[in-house]
Each structure stands twice: as structure tokens, then as C-alpha cells.
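All chains should be built: construct the whole structure from the sequences, respecting the hints.
Protein chains: 2
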Amino acid sequence: MVKLSDVNSKLMKAHYAVRGKIVIRAHELETQGKKVIYCNIGNPQALKQRPLTFLRQVLSLVEYPALLDAPETAKLFPADAVKRARMILEKNPTGTGAYTHSAGMPFIRKAVAEFIQRRDGMPADPNRILLTDGASKGVQSALTLLLNKPNDGVMIPIPQYPLYSATLALYGAQQVNYFLDERNRWELNEAELERSIEAAKKNGVNTVAIAVINPGNPTGAVLSRKNIGMVIRFARKHGLAILADEVYQENVYGQGLEFTSFAKVMHELGEKDVTLFSFHSVSKGFLGECGHRGGYLEIRNMSDDVYAEMIKLQSIGLCSNTDGQIVTYLMVEPPKPGDESYELYAKERGAILDDLKAKAEILGRGLNEIEGMHTHIPEGAMYAFVRFDLPHPKGTDPAAMPPDERLKYEAARDNKYCLRLLEETGICVVPGSGFGQQPGTLHFRTTFLPPREDITALVEKMKKFHVSYAEKLKSGV
Amino acid sequence: MVKLSDVNSKLMKAHYAVRGKIVIRAHELETQGKKVIYCNIGNPQALKQRPLTFLRQVLSLVEYPALLDAPETAKLFPADAVKRARMILEKNPTGTGAYTHSAGMPFIRKAVAEFIQRRDGMPADPNRILLTDGASKGVQSALTLLLNKPNDGVMIPIPQYPLYSATLALYGAQQVNYFLDERNRWELNEAELERSIEAAKKNGVNTVAIAVINPGNPTGAVLSRKNIGMVIRFARKHGLAILADEVYQENVYGQGLEFTSFAKVMHELGEKDVTLFSFHSVSKGFLGECGHRGGYLEIRNMSDDVYAEMIKLQSIGLCSNTDGQIVTYLMVEPPKPGDESYELYAKERGAILDDLKAKAEILGRGLNEIEGMHTHIPEGAMYAFVRFDLPHPKGTDPAAMPPDERLKYEAARDNKYCLRLLEETGICVVPGSGFGQQPGTLHFRTTFLPPREDITALVEKMKKFHVSYAEKLKSGV
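First to last, the sequence lines map onto chains Z and D. Mapping to our numbering: the first sequence position 187 is 187, numbers consecutive. Mapping to our numbering: the second sequence position 136 is 136, numbers consecutive.
Calculated directly from the structure, the hints in this document are not laboratory data. Hints should not be assumed to be uniformly reliable.
Treat identical chains as interchangeable: a pair holds within one or across any two.
[Claimed, not checked] BS3-like mimics (lysine-lysine), calculated; alpha carbons at most 27 Å apart, straight line:
#, residue 1, residue 2
1, K91, K35
2, K10, K201
3, K357, K461
4, K21, K463
5, K34, K472
6, K3, K264
7, K149, K13
8, K83, K48
9, K463, K474
10, K110, K48
11, K3, K201
12, K10, K149
13, K416, K394
14, K201, K149
15, K110, K3
16, K48, K91
And the structure:
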């Protein structure tokens with residue numbers, strides 16, 4: 001029988017806190033009948049966000065094409081949804097039940113290229129676009145291609161989305177941390193990037209790529225064009241590929257802010273040498289279609305022979321799922337003004353984005369009013385990364401601990417805090433140590449996805465919990 | 001820029017012939033307007049197999065639940081499809097748009113356990129069942145868990161389905177070949193298994209598992225209970241886990257033959273020590289829902305702590321796609337006698353399976369009539385693995401070549417043959433070297449999925465091609 005000591009030691013080392021022990025405990029509590037508010041994961045439709053009507057209408061028709069010819073269909077579906085479904089089945093006559101090309105249906109890859117062109121005002125090549133089962137699989141494909149030797153490493157932000165650390169651990173590669181600047185709206189800092197890569201080099205690590213998440217997860221920050229340009233120059237200087245995780249590109253709420261893609265800035269800079277992988281997904285934005293596992297990966301500055309290896313890798317898993325591909329298509333090619341469905345689509349989209357913007361503010365402002373809690377009002381994405389202060393037990397001085405011991409001490413503290421929060425309030429958040437944090441700080445990540453009326457109550461509960469928890473620690477109970 | 005010399009050398013070594021160079025050439029020819037008959041891949045709905053009506057009706061309703069309450073729905077959908085869709089949405093109220101538990105929706109895992117219990121007459125544990133994006137992803141998860149050190153290896157059949165060789169290469173693990181016995185209906189031979197593991201040991205390989213494909217891909221063979229029992233005892237003797245690829249379990253055509261699962265034989269033998277991973281998929285059988293990427297992985301004889309690592313691995317990719325999960329559910333829980341949809345369902349299922357059985361015979365018998373071609377009439381799965389004879393150029397004696405050189409020589413020959421076949425006839429098959437074959441033999445794998453009327457024409461074209469190709473070789477043209 002396979003024993004724990006037989007198991008892949010790389011898998012044993014991988015951690016994915018977003019679905020870790022606290023979430024498993026939350027499932028247990030729920031089974032016991034306790035109400036749990038899942039703020040651990042960006043899963044909008046699990047928190048009552050409704051799917052976009054047009055999108056589901058088209059999916060429904062494509063799954064059961066017999067509907068297209070039924071007289072009742074005109075009463076149940078708008079004409080443009082029917083037209084769109086017909087078009088999809090014309091372009092892809094084998095329907096949802098057949099494997100597609102390894103990279104995805106050609107007409108969808110073309111539509112993605114046109115979407116990028118409209119978004120950024122520059123051409124994109126369908127032959128450098130791969131449809132993937134969500135962005136996670138795209139990131140893993142890019143890392144599989146790039147990581148060659150055991151001392152190869154990838155720079156990742158701290159805090160980061162733990163897909164990156166987990167995948168690097170799983171692939172036996174080196175994680176090269178660079179800290180985001182919490183005091184400066186979580187931007188990337190050039191001196192810190194240089195420190196990071198230099199430290200890696202001293203440790204014998206060959207850094208091959210840098211991952212950037214924009215808008216930020218878990219930070220909620222939206223990067224400036226200037227900051228992106230700095231990263232591109234840094235990558236060029238050090239011969240790195242860039243992994244641009246841009247899955248929250250539609251989730252920008254901050255006044256006067258807008259999403260800028262790495263591809264666009266590279267194009268403006270005339271950058272022809274840095275290989276760029278950029279990732280997008282149907283799971284976030286205003287679609288929130290997490291369950292459909294759809295997304296794409298666009299590559300720039302890659303030769304045909306290297307791209308052929310990407311296609312081969314994709315082909316070993318055959319292809320991404322067809323519904324996910326179709327949702328990706330509908331994301332990049334939504335109803336246009338004048339289409340029958342446009343008004344409803346725009347209304348639904350607006351309501352979701354307005355709601356997210358309002359909730360980001362309510363949550364951010366509310367938490368900032370709690371003594372000992374600090375957060376930037378999220379400018380984008382779906383999360384707040386909240387710093388909280390706790391008194392240390394008498395006689396404990398973390399600053400005097402060796403770095404490894406300190407990390408463990410602080411991870412134990414934020415884990416215990418989040419577990420108590422769950423047990424006492426039913427609120428499920430993820431400890432900061434799951435994303436990484438500056439030594440001497442404690443955080444948790446919470447989404448602001450619950451319905452608006454629940455967010456105020458949630459802030460109240462957090463306040464009561466935090467005050468009492470800190471008080472108990474202080475008095476040594 | 002990432003250069004070919006930078007690319008992961010393990011990826012460079014991986015080959016997946018089912019979607020290799022010949023298939024890429026086929027796509028090119030098709031783009032140029034040439035008619036291609038894709039016999040390279042088990043993709044039934046790409047070759048005009050129709051989806052099962054009930055299954056698509058339920059999917060259509062689940063994707064757009066507003067239909068459930070519309071008065072027109074009763075005219076468009078049978079009552080049991082509506083009832084089933086309601087039930088799915090009750091059991092999983094977040095619908096298709098939310099991430100599920102990492103292992104899949106609990107009610108579907110329970111339904112899979114009940115399916116196994118009905119099939120094999122023994123209990124199955126929902127808490128050892130994972131829903132996966134097709135069987136391929138399940139196989140890759142099992143291998144990720146099992147492969148720890150670079151000298152760890154897995155026994156795979158030759159010929160094999162190249163997912164196994166490609167994944168082992170990608171994971172930097174050792175491929176341990178055992179030959180299937182072509183003269184004995186492609187069964188596994190105990191002496192050959194012992195030879196294989198002994199040879200691996202001599203090369204410093206630590207064999208951790210054996211993969212078996214039943215019904216066979218590419219062989220089309222259905223294993224006997226006795227043969228399966230032998231493999232289980234062999235695995236026990238050598239401390240191996242078993243990977244039982246049982247995706248063709250519904251595809252059994254041979255007179256008096258039936259599918260027997262590894263789980264059932266293990267249960268009958270009272271085997272409590274050999275860890276078993278068994279894989280099933282919605283892509284094959286009579287569903288042929290390849291595009292939906294659904295399937296499951298059942299594990300036996302695994303402790304909770306090791307299983308937790310499987311769950312963690314699954315969680316890093318979040319979850320398998322929801323439509324694939326639902327198709328898996330409908331596969332294991334089809335309409336029952338008495339249900340409104342039962343009659344149509346049974347009729348559609350029967351027609352597909354009868355057709356496949358008839359086509360297996362037409363193809364097998366037809367090819368055997370060609371001089372220099374030999375194949376077993378496929379007893380199961382969707383393929384014939386066809387041996388063909390070609391004269392050698394004057395002065396060439398492959399038997400005198402070193403093994404590596406001989407492998408290359410023979411691979412070049414079957415590749416060239418299949419490429420010419422494609423160019424001259426439009427028939428796309430996969431060279432035997434993509435699956436592995438005994439030295440001194442040449443094969444190709446073809447599906448028998450094209451419509452029945454096309455199969456006879458296909459056999460005729462192959463005959464004409466083969467005779468002329470062999471003739472040209474003989475005369476040294």
C-alpha cells in the first residue's frame with residue numbers, strides 16, 4: 001500500500017492555503033449545520049452573484065441544438081442568443097461533445113486576438129493564443145515550459161496568490177520572493193526586485209521569469225503604467241520572461257484608475273525580446289463563471305519552435321473543456337449596442353461591477369475603523385489584504401528569533417486567529433502566511449463578495465471578534 | 001526571448017503521437033480544402049456520432065435554470081429531464097458557475113460509488129472518488145502522487161496509449177516497458193512482466209506502479225478475469241500500485257466477453273494491500289462526450305493521510321469543470337426503465353454500441369483480407385492496432401542494427417507510411433511507433449469510428465494504397 005513516506009516529496013511540500021485546513025474545517029462546521037460565510041475564495045456565484053443571462057442562454061442552446069429549430073424557442077430566447085448559438089455551431093460543427101484542436105477552437109482564438117486588439121489598440125496573433133481550463137492551467141503550462149533545471153527559479157510577489165508557490169514546489173523549482181510595498185499602494189519596487197534577484201543568484205538560483213499579478217491578488221492594487229514599464233525593463237535587463245496574471249482586468253474600482261496590460265506597455269516600449277505570457281479567465285471580472293473553467297493564455301515574443309512545444313504540452317491533456325472555451329468566447333465577444341440582448345447584458349454587468357465597487361468601499365472603510373486593523377481600500381480584484389496587530393505573549397520577542405522560527409511563529413499566530421474567527425463567527429478567511437507577508441506583520445485575506453447587506457454585519461462581527469481576541473491575548477488568558 | 005535551448009528538456013523529450021506531426025499535417029491539408037478522415041483519435045462526435053438526447057437536455061436546463069419555470073418547457077423537454085435538472089440544482093444550488101469542492105460535487109461522488117457498487121456488487125467509498133477533467137487528468141494526478149525520485153519508474157504496456165509515456169517523460173520518471181502478447185490476443189504475460197521489472201531493477205530503476213489498459217488501447221483487447229488476477233498478484237509480490245485505465249468499459253463487442261474491473265477482482269481476492277487507481281471517462285463508451293472533459297478516479301487501499309495529499313493536489317487546480325462533473329453524473333445515473341426518457345435513451349445507446357460492434361468487424365475483416373496486413377478483430381475499445389509488412393531496401397538488415405538504431409529505423413518507416421497514406425487517401429492514422437511495438441514489426445492504430453458506409457470505402461483505399469506502397473518499396477522506386 002502506498003504510504004505517506006512513499007508520496008512525492010514535492011507534493012508534500014506544496015501548500016495551497018486558499019483551500020487549506022481552515023477551509024476543510026469550515027466544510028465540517030457546515031456539515032454540522034453551522035452557517036459559514038466563505039470569504040476565502042473568489043467564487044462569486046457561490047455568494048449569490050447571478051450569471052449573465054445572455055451567456056447562459058447561448059450555452060443552453062449550444063448544449064441542446066434541437067432547441068434551435070423548435071417553435072417555442074422564440075418565446076424562451078432572444079433572437080441574438082439563437083443567432084449566436086447557430087454561429088458557434090457553424091464555426092464548430094462537432095459541437096460541445098468533441099475534442100477541439102489542442103489550443104482550442106480556431107474561431108475563438110481569433111476572437112480573443114480581436115478582443116486584445118480592441119482593448120489595447122495593437123495587433124494580437126491568434127497563433128499565440130491558447131484556450132485553457134481556467135487561468136491556473138495556463139500558468140502551470142507556462143511554468144512547465146520555462147522550468148528546466150532544479151536550480152531554476154521564478155520571482156513571485158509577496159504577498160502572492162498561492163497557485164504560484166504551490167506550483168513551484170510541485171515542480172521542484174525555486175521560489176524567489178520579492179516584497180510588494182504595502183506603504184506604497186502595494187506597488188513593485190525596483191530596488192526590491194534587484195535585491196531579490198541578487199539574493200537568489202547568491203543562493204545559486206537561476207531566475208528565469210517574474211510573475212506579476214495585476215490587479216493584485218491578494219492586495220487589490222492596480223498597477224500604474226510606469227510601474228509596469230519598470231518591470232518590463234527589469235525583465236529585459238535580467239533576461240526574464242514575464243508571467244502577467246491579469247484575470248482581474250475588469251475589476252477596477254479606484255477613482256481615476258484603469259487597467260493597463262503588460263502587452264500594451266511592451267508594445268508601446270517596442271519591446272521585442274522579453275517573452276510575455278498573459279493570463280485571463282472567465283472566473284473573475286463580472287462573469288464569475290468559476291465552475292466552467294475557461295480562460296486563455298496569450299504569448300508574445302516567442303519563436304515558432306518554442307510555441308510548438310507549448311502546443312505539444314497542451315495536446316497531452318487533449319484540449320480544454322468546450323463549455324469553458326465557449327464562455328471565453330462570449331466574454332471576449334459580448335452583445336453589442338443594438339443587439340436584442342445588449343440592454344440586459346449591460347444592466348447586469350453594471351449592477352455587478354457597481355455592487356463590487358460599493359462593497360470594496362464598505363468593507364475597506366469598515367475594517368479600517370477597527371482598532372488594530374489596517375487595509376487599503378481595494379482598488380481592484382475581489383480581495384482586501386488586511387493587516388492586524390496582536391500583542392505578543394510576555395517575554396516573546398519575534399525580532400530576536402532566527403528567520404525560519406519567526407516565520408513559523410507568525411504563521412501559527414495568523415492561522416490560530418483565522419481559525420478562531422471561523423469557529424466564533426462562521427467567517428472563513430485565509431491567513432496572511434498562506435500568501436506571504438513581511439516579517440513582523442500579520443494579515444488575512446478576505447473577499448468582498450458576500451451580498452452588500454451581509455458585509456456590514458460581517459465587519460461588525462470581525463470588530464467584536466478582533467477586540468475580544470486581542471484583549472484575551474493581552475491579558476494572557 | 002525564451003529559446004528552444006531554454007525549454008524544459010523533459011517537455012522536449014515527451015511525445016504524444018495521437019496529436020503529433022501527422023495530425024498537424026492533416027490539419028494543414030484540411031485548411032487547403034482536402035477531405036481528411038480522422039481515424040487518429042477516439043473522438044466519436046467529430047465523426048458524426050450523435051450525443052445522447054437526455055444528457056444534453058439536462059445540461060441545457062442546468063445551464064439556464066430560468067427554463068425550468070417557463071410554460072413552454074413542458075413542450076420542449078421530457079418531464080424526467082426537467083426533474084433531474086431540478087434535482088441537480090437542489091443538490092448543488094450554486095449551479096454550474098461556481099467552483100465545487102476540490103474532489104467534485106459530493107452528490108456526484110456518491111452516485112459514482114453507487115454505480116461501482118451496482119456494476120461490481122461490492123461497496124465503494126465516495127471519499128475515495130475524485131471527479132477529474134477527463135481520465136487523462138486523473139492519470140496525471142495519480143502519477144504525480146506516486147513518482148518521488150528520478151529513478152522511480154512505472155511499468156507500461158507496449159503498445160500503450162501515449163499519455164503514459166508522455167507523462168512519464170514530462171515528470172522526469174522512468175518508463176518500464178512490458179510487451180503485450182500479440183499472438184495471444186494481446187494479453188499480459190507473467191514471465192514478460194517479471195522480465196520487465198527485473199531488467200528495470202538492473203538499470204537502477206525503482207518500479208512503483210504498473211499501468212494496465214482494459215479494454216486495450218490501442219490493442220482493442222478485453223482482459224480475462226484470470227489475466228487481471230495475475231496482474232494483481234504480480235503487483236502484490238513487487239509492492240506496486242496499479243493504474244487501471246478502464247475508460248472503454250462499456251465498449252466490449254467480442255462474443256461472450258464482458259468487462260471485469262480490477263476493483264472487482266481485487267475484492268474477490270480479498271486484496272487489501274495493493275493500492276489501486278482506476279479511471280473512467282465520459283469521452284468513450286457510448287456517450288463519446290470528449291469535449292466535456294469529465295471523468296472520475298476511484299482509489300482503493302489508501303490511507304486517509306495519503307488521500308489528503310491527492311485532495312491537496314486537486315485543490316491547486318481548484319476543481320474539475322462543472323459540466324464535465326454533471327455529464328459524469330448522468331453517465332453513472334442514466335434514466336431507469338419506466339422513466340419517460342428511458343426508451344429513447346436505451347435506443348440511442350443500443351444503436352451506438354451495435355454500430356461500433358458492426359464497424360469493428362467490418363474494419364477488422366476488411367483489413368485482414370489485405371495481403372501484408374494483420375489485425376485481431378477488435379473485441380473492445382475503439383481501435384484496431386494493425387500490423388503490416390513492408391519489404392526492406394536491398395542490403396538493409398534491421399536485425400543486425402543496434403537496438404536504438406533499429407527503433408529509429410522502424411519509426412521512420414511507419415511514420416513515412418502513415419504520412420503517405422494521409423497525403424494519398426486523406427486517411428489519418430497513427431504510426432505504431434507512437435504506441436511502441438515489438439522490434440521487427442510495424443503497425444498503425446486506426447479507430448473504427450467513421451460512419452459505417454465510410455468504413456468499407458476506407459478499407460478499399462487502404463488496400464490500394466498498401467499494395468502500391470509495398471510494390472514501390474520492393475522495386476526500389
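Tested hints:
1. K91 with K35: between (46 Å within a copy, 17 Å between copies)
2. K10 with K201: Intra 22 Å, inter 24 Å, cutoff 27 Å: intra and inter.
3. K357 with K461: Classified as within; 21 Å inside a copy, 64 Å across copies.
4. K21 with K463: So K21 and K463 pass the 27 Å test inside one copy only (24 Å; across, 62 Å).
5. K34 with K472: within (25 Å within a copy, 77 Å between copies)
6. K3 with K264: Between copies only: 23 Å across, 50 Å inside.
7. K149 with K13: both (18 Å within a copy, 14 Å between copies)
8. K83 with K48: between (29 Å within a copy, 23 Å between copies)
9. K463 with K474: Answer is within; shortest intra-copy Cα gap is 16 Å, inter-copy 87 Å.
10. K110 with K48: This pair counts as between: shortest inter-copy Cα distance 26 Å, intra-copy 33 Å.
11. K3 with K201: between (37 Å within a copy, 21 Å between copies)
12. K10 with K149: both (15 Å within a copy, 10 Å between copies)
13. K416 with K394: within (18 Å within a copy, 78 Å between copies)
14. K201 with K149: both (14 Å within a copy, 26 Å between copies)
15. K110 with K3: For K110 and K3, the Cα distance is within 27 Å only across copies (25 Å; inside one copy 48 Å).
16. K48 with K91: Between. Shortest inter-copy distance 16 Å satisfies the 27 Å Cα cut-off; intra-copy 34 Å does not.
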